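Chemist: Take a look at the letters that make up each chain.
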Amino acid sequence: MFSTLLEQVVNGIVTGSVYAIVAVGMTMIFGVLRAINFAHGEYYMLGTFGAWFATDYLGLSYEASIVVGVLSTVVVAYVVGQLVMRRMVGAPAESGVLATLGVALILQNTVIFVFGGGYKFFSGGYIEPVSILGFTLAEQRIIILVVCLLVFVGLELMVTYSRLGMAMRAVSQNVECCGVVGIDVPQVVLRTFVLGAALAALSGVLTAPVNVSVYGGMGELITFKTLPIIIMGGLGNVRGTFVAAMILGIAESLVATYIGLQYRDTVGFATLILMLMWRPHGLFSTQARF
Amino acid sequence: MSLTDTAPQARRRDLRIPLAAILVVAALAAPFIGTRYVTHSLIIALIFMLPAHGLNLLVGYTGLLSLAQAAFFGIGAYTAGLLAVHYDTPFYVNLLAAGLVSGLLALPLGIPALRLRATSFVMCTLGFVIIGQAIAKNWISVTRGDMGLSGIPKPYFELGPLSFTVTGTTSFYYLALAVAALGTLAAWAIVRSPAGRNMVAIRENETLAESLGVPTWRYKLIVFMISAAFAGVGGSLYAHYLTVVSPLTFQMYYSTTMLIIVLGGGAGMISGTVFGSLLFVGLTEALRVAPEVRMIAYGFCLLVLVFWFKKGFAPLINRFWNAIGGSK
Amino acid sequence: MNAHLPILEIKNLSKSYGAVKAVNDVSMHINRGEIAGLIGPNGSGKSTFFDCSTGLARPDTGKVVLDGQDITGWSLNRIAREGRMLRSFQKTVTFKALDVEENLIIAGQMFTFPTLASTFGLGKLSRSRIAALRERARELIKMAGLWDVRHQPAGNLSGGQQKLIQFASMLMPEPKLILLDEPMAGINPKIIERVVDTIQYANKSLGVSFLVIEHNIDVVTSICQRVVVLDQGAKLVEGLPHDIIQDQRVREAYLGG
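Just so you know, the sequences run in chain order D, F and C.
If you count the first sequence from 1, position 107 lands on 107 in UniProt numbering, and the numbers rise without skipping.
If you count the second sequence from 1, position 103 lands on 103 in UniProt numbering, and the numbers rise without skipping.
If you count the third sequence from 1, position 57 lands on 57 in UniProt numbering, and the numbers rise without skipping.
Hints are computed from structural coordinates only; laboratory data are not their basis.
A portion of the hints provided could be inaccurate.
[What the hints assert, rightly or not] Here are the simulated lysine-lysine pairs, BS3-like style, with alpha carbons at most 30 Å apart:
(1) C:96 / F:310
(2) C:21 / C:96
(3) C:11 / F:311
(4) F:310 / C:91
(5) C:11 / C:204
(6) F:311 / C:96
Note that the structure is a prediction, hence the values are computed from the model and not measured.
Isolated chain D (complex conformation):
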């Protein structure tokens, strides 16, 4: 009984890590753009599809497919960033919602149009189980945990010390002043966006061996799960996002075990709505951005 609980918590942390890597990009984009990116999950999907294409069509190894998945997403994100996201600087919130919904429709359905809407089988990755401290976990899940920690440590360092990180902080504090002190706001938005999309893609590629199935509509589901996380984490707050992702991951895992698998995917939105009613600004401060 207790061991099942513990096992589910560990599983939840792995799921939480997947969400965290996606959500952190989304929350950083909100930080610089003040807009929710409703297309964010699609980059997760693109990364997965890129990797699937690399292993299935090109016969590359899983490691190479990670590179292909992330790089192809970066290219797409760069184009979307240049054409769409840059224009959203200073636009009303509603425009951002509509524009990113449009991007989501285009990306998702282009992939379905090209590769078909059915489920595909992802064959790469390290799925051998290993035992650590009495737990049995697939190697891939351990990789996900490690990468998630590395990503968050890396982001903390980047935001604190790098030029882009400082510019991001500046833009998220006050957009008007940035123009005055010579920070190229659209450029910062573009880079943050590409970085966020790349992280989402990475998360997708890392999860693919665990999820096994790959399909065009998978991104939408991820968008819907990361939305509650970034709200809960306090929009724009990186650490809050990490904690919120873990909470949702564990909650989903427990709901799936003890209440019913079919309710798993509604946990997020039910939480979101309760959140919005109870504390519209999240559990964590939105002031402590990055």
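Assemble the complex: chain D is given as a structure, and chains F and C must be docked to it using the hints.
Modeler: Only chains F and C this time, still in chain D's reference frame:
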């Protein structure tokens, strides 16, 4: 932008009435002009016109961007479907019940949602669609889950001694046309009333409206309920036309479609929504565009509408209407 | 409703934002038919005091009595609709996409339609009410000197003209009392004269009482019969305009003494 003033005198001939007459005749004669598939496409456009009118009241007139329309559309579809399947009630009962149930459910949903601003409100309304779908999938004893409700009877009427069933595509077209026309008339009546002017005031400047005595909170709630009722009525038509309802009636894609109708046709304009339904739903259906391609096209439409074509077709429709109305 | 009672009485109003006491135990009243002024340096709590009196913000303590009726805690729209006490804003001025006439009609609507449900009517009664409002709107537009631009979207007009629209809008419902938040800010001297004329016309001919926040001291001395000075959230002094501008404490407050 006066709502009532007309041109003082027309030197050129006013062609608006003849044009309106032609449009009415065309609408009535449509099933005999086009193929059966064209009639089917028009039916789909007419069905979507109803939730779109509701959304236009909300987005176009009151200035509240909502994605919840598909949720109320789905609630209406299930209400009508369940009544028809279990109680064998006549069509108009199902239609009214669908509008009523959707409209009333919008009250408890709208009270918390409307307290939120901009993006938070949008996300909350999106949540209604997702949770609606989850309920439709999991409340199996009522909704039959993923299998959906099937065998919903074709609409039948029971008016005293007279009772009949609408069976063919052509007759369903006239039924949908009648409901859509009534819906359009209702939407028109609402926006022409003093309340319509108050809705526009809320869209333009909520605090100012409030300071002039407009109870903005109550108006927003009422408009949210009315827009849900419109969606519910559309949903009942949808259920009776397809004779099946599945949890996929609750999907974001429908909300997006309705948004494109409203924004593309011209938000804050009744004729814009009518035009938008025919263009964005009727035409794509008639051209048998593959679903993926249609969604890609919708995606581009959204981008174009947001960044370049902000007012949709509204200015063009206005200019055309004024042009044929004779010169001042 | 005794004629000698003040039209508005505010008793011991306080409002804090966090640790900052924006308004601290301020009492004041406005007599029937009076134009009262409210002045004070920036950050003295004038705007907070206004917001708390008009229902835009909720006071922590204190009481607002309008024409003998306790309206503390009423919403902004209810105070306007039922109390006929209207307020202006510094920035929020007009419904920009609507023309001047429509702006005024909206301002009058909530006062001619008794219930929310009745505003959805399109019948003869509703039409005649709107026609009456249009009639009144046109009179006020003429008075404000906006006749030539009455069919233009308000957003196309100058800042001063928009202030005049706002002003005319507030006269639509035959108000008892109008609270003006810096009506002269950012408008040119020519329009200032017109606004002053309109205030005086509304006061004398329509019997509207006023409370005016204003920085332009010439305007204050020329229109106000009595002035209240706020400083650091508290009432500093109250008196005739001429006495006030010579008061040493007032000068110190403005100079940041």
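Chemist: None of the hints should be skipped; say for each whether it holds.
Modeler: Hints and how they fare:
Straight-line distance between C-alpha atoms of residue 96 of chain C and residue 310 of chain F comes to about 17 Å, which keeps the hinted pair within the 30 Å bound. A distance of roughly 35 Å separates the Cα atoms of residue 21 of chain C and residue 96 of chain C; the hinted pair therefore is violated under the 30 Å criterion. Restraint check for residue 11 of chain C and residue 311 of chain F: not satisfied, since their Cα atoms lie roughly 50 Å apart, outside the 30 Å limit. Under the criterion of a C-alpha separation no larger than 30 Å, the hint pairing residue 310 of chain F with residue 91 of chain C is consistent with the structure, at around 26 Å.
A threshold of 30 Å between alpha carbons decides the hint, and for residue 11 of chain C with residue 204 of chain C the separation of about 27 Å falls inside it, so the pair holds. For the hint pairing residue 311 of chain F with residue 96 of chain C, the CA-to-CA distance comes to about 16 Å; that is within 30 Å, so the pair holds.
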